Amino acid sequence: MSLGLGVAQLAAPDTVRRISGVDDSATSRTVVPLVGARELVHAAGLLTSRRKNVWAWTRVAGDAMDLTALAMAIAHRDGHRRRRLLAVTGAIAGITALDLLTAVRATQTSKTGSAPTARSARREREGGSMDLTATTTIRRPASEVYAFWRDLQNLPTFMAHLEQVRTTGDRTSHWSASAPFGSDVEWDAEITEETPGEKIAWRSTGDAKVPNAGTVRFVPAPDGVSTEVHVVLVYDIPGGAVGKAVAKYFGEEPHQQLDDDLRRFKQVLETGEVVRSDGAPWGKRARKEFPQRPAQPLSDAELEKGADA
Amino acid sequence: MRANTWAGRNKVEVRDVPDPKILNNRDAIVRITSTAICGSDLHLVDGYVPTMQDGDILGHEFMGEVIEVGSGVPGDKLRVGDRVVVPFPIACGACGACAAELYSCCENTNPNAGISEKMFGHPTAGIFGYSHLTGGFAGGQAQYARVPFADVGPLKIESDLTDEQVLFLSDILPTGYMGAEMCDIQPSDVVAVWGAGPVGQFAMDSARVLGAAKVIAIDKEPYRLQMAERAGHIPVNFDEVDVRSTLLELTGGRGPDKCIDAVGMEATHGSAHIAAYDRVKQAVRSETERPHALRQAIMSCRSGGVVSVIGVYGGLMDKFPTGAWMNRSLTLRTGQCHVQRYMKPLLQRIERGEIDPTRIITHTLPLDQAEHGFDIFKNKQDNCEKIVLKP
Ligand SMILES: [Zn+2]
Ligand SMILES: [Zn+2]
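Residue numbers (our numbering), protein chains in the order written: chain A, 1 to 309; chain B, 1001 to 1391.
Since the hints were made in silico from the structure, they are not lab data.
Keep in mind that this is a model prediction, so the values were computed, not measured.
One or more hints might be untrue.
Said to hold, decoys possible - Below 25 Å or equal to it, Euclidean Cα-Cα: the simulated DMTMM-like pairs (lysine to aspartate or glutamate) are:
id	chain 1	residue 1	chain 2	residue 2
1	B	Lys1378	B	Asp1046
2	B	Lys1118	A	Asp131
3	B	Lys1344	B	Asp1184
4	B	Lys1118	A	Asp259
5	A	Lys244	A	Asp188
6	B	Lys1021	A	Glu270
7	A	Lys284	B	Asp1076
8	B	Lys1378	B	Glu1266
9	B	Lys1344	B	Asp1160
10	B	Lys1021	A	Glu302
11	B	Lys1118	A	Glu228
12	B	Lys1378	B	Asp1163
13	A	Lys284	B	Asp1239
14	A	Lys199	A	Asp170
15	B	Lys1077	A	Asp188
16	B	Lys1118	A	Glu253
17	B	Lys1344	B	Asp1019
18	B	Lys1077	A	Glu270
19	A	Lys305	B	Asp1016
20	B	Lys1021	A	Glu273
21	B	Lys1118	A	Glu270
22	B	Lys1378	B	Glu1351
23	B	Lys1220	B	Asp1239
24	B	Lys1156	B	Asp1019
25	B	Lys1021	A	Glu304
Stated by the list, open to error - Computed footprint of chain A on chain B; a stretch qualifies when at least three of its residues, placed anywhere within it, have a C-beta under 8 Å from a C-beta of chain A:
id	stretch
26	1020 to 1026
27	1127 to 1138
Backbone N, C-alpha and C fix where the C-beta goes; we use that ideal spot for every residue, glycine too.
My request is simple: use the sequences and hints to build the entire structure.
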């Protein structure tokens, strides 16, 4: 919502000033474009940030700034100009109330809601467990989706953090994860429960540095063609240095990573491979959506260096 | 190769960049013979879209010759040497959206789906040369392009139609056509089209082809209105007359049966006080869009009519006339065009001479003059309606 105003204030500050009744003083000439710039920052923040509540609160602060500036302007105007200013001030006061409500709601959601960011980030620092859920629908029969997952060696083709899964027995496997864990982060796992075509549950065994467990359920979708995939992952995050490395590894939004893993799972099953664009050419190696490279073809040198360049 | 790139706000630059290579098995590489500048490229160049990067190759309307295909493209679908028009939405052909022919909502082709999902609730398809929000795919205002899912999207041209006759199958012709198709046109219908740019012109032609009794063109640029009039449509200049009362006059007081918004988020208005009203609304942050065209279409449309929106909107809008919409039984339909769905039937209409896409071309420029092209198109100079670039 901020975007449009920011553009208008930067592009046509005189018009904005004239319409809202603010005089063409030296101060307002400086202030209006600054307010415009602030709006653009808000827009960018709200569009890209995962911490919407913080940005919502900065908007409330911004509204307060607007109101203060307008109050100062009102004090120095009279007649027609003052009436127009009063009307605009009333409108902005209304918007402030809305922004305030939004900010309060956003804060409440991140404290008490199911949004995983705040909750899991806190626990990572202290150590403790982190559980993640995600779901997707794949236009393939459940038997096929199940079979692909049951061959655990397939998981690294779409899960960003897995380097390799090697099956060591009927129900046992050996997993390794990539940096920043370092190549020494490896663990054994066993399948604890399975119903062909419906469900697989597994957990790490032995003295895994990051004990973990997971369940994936395959449920026929109402369309009679597709399969709903429901995943639950649970990690016991240790305290100390390893805990910090894990926290860093999961980033700000571990839930987003799992969502993206499932998106790639869907791509692999529906289209045959992970889709690559010029801005994100490395498929599952691209652990973060941003920053990206420009959307233009890779040079031979870049192609040779690969994702780690 | 040479390519037209985004170089910061209001700046494009033709540069030397690496040649594209196959990245996925179902990719093809196309040597581009013709490409076009689109009105929606202007939103990117304006800096309205927050995910552009210096160096992004622009362009989503292009065609050419296949010079390489990946190992996953079946030979009966596409071969080296085929002449193809490439649709702007990248669609996988296998997901639920593609199965429903909703190609611009493909669930698999946007590698940045997470960002798109936050803005729109659900992700949308990847689009060539259209910001990182729609996937970060290099565009087609270049000598060559990589085309993902080349066995699904590109349309083979096997007749000797010229590039100019088929190029617009990539976007604006199907987009205009979909705008008219969503109107469910009946033989007695009067159809009003807001915006006489390239998409608006094709929406008008399509409405006539689909059997409308009368088609009305609403714009303020005399050269665009004259272009519509030459094609047999009725011009209304919103700078000179009040649109709603003119529409009522033209329809015996009923209002147009079907209304098409081919304008989108950067609408302008002939009346100074309405323009000022929306400016103030923007100033108090109650909307991102400038909804004059959409609001006017809803207020003008006859009761029980259809308002079809093909102009591009990007954010949020307040003060939407829900009262008029609900109380007068209006139907609102919209969407980014599902181009793949329309390419073949529209190619047949071109072959039969029912639609002449070349009528809107006013400029043909070498690719190296892309910057000049963006300039005259954006500023509506030199009667510029549609520019074809030749790499
Ligand atoms: Zn276009
Ligand atoms: Zn698809």
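For a C-alpha distance cap of 25 Å, please report whether A/Lys284 and B/Asp1239 respect it.
The hint is violated at about 53 Å.
Is B/Lys1118 close enough to A/Glu228, meaning Cα to Cα at most 25 Å?
Judged against 25 Å, a Cα distance of about 21 Å means the pair holds.
Straight-line Cα separation of B/Lys1118 and A/Glu270 no greater than 25 Å?
Given that 25 Å is the threshold and the Cα spacing comes to 23 Å, the pair holds.
Measure nothing beyond the straight line between the CA atoms of A/Lys244 and A/Asp188; if it is 25 Å or shorter, mark the hint as holding.
22 Å, holds
Given hint B/Asp1239 paired with B/Lys1220 - CA-CA distance at most 25 Å
Holds - the C-alpha atoms of B/Asp1239 and B/Lys1220 are around 6 Å apart, at most 25 Å.
Are the Cα atoms of B/Lys1021 and A/Glu273 separated by 25 Å or less?
17 Å, holds
Tell me if the straight-line CA distance from A/Lys199 to A/Asp170 falls inside 25 Å.
16 Å, holds
Please work out if B/Lys1118 and A/Asp131 have their alpha carbons no farther apart than 25 Å.
Cα-Cα ~22 Å, so holds.
Is the Cα-Cα distance between B/Lys1077 and A/Asp188 25 Å or less?
45 Å, violated
Could you grab the alpha-carbon distance between B/Lys1344 and B/Asp1160 and see if it respects the 25 Å cut-off?
16 Å, holds
Holds or violated: A/Lys284 and B/Asp1076, Cα atoms, limit 25 Å.
30 Å, violated
Given the hinted pair B/Lys1378 and B/Asp1046, is their alpha-carbon gap at most 25 Å?
Distance of about 10 Å is within 25 Å: holds.
Hint compliance for this structure: hints 7, 13, 15, 17, 22 are broken, all remaining hints hold.
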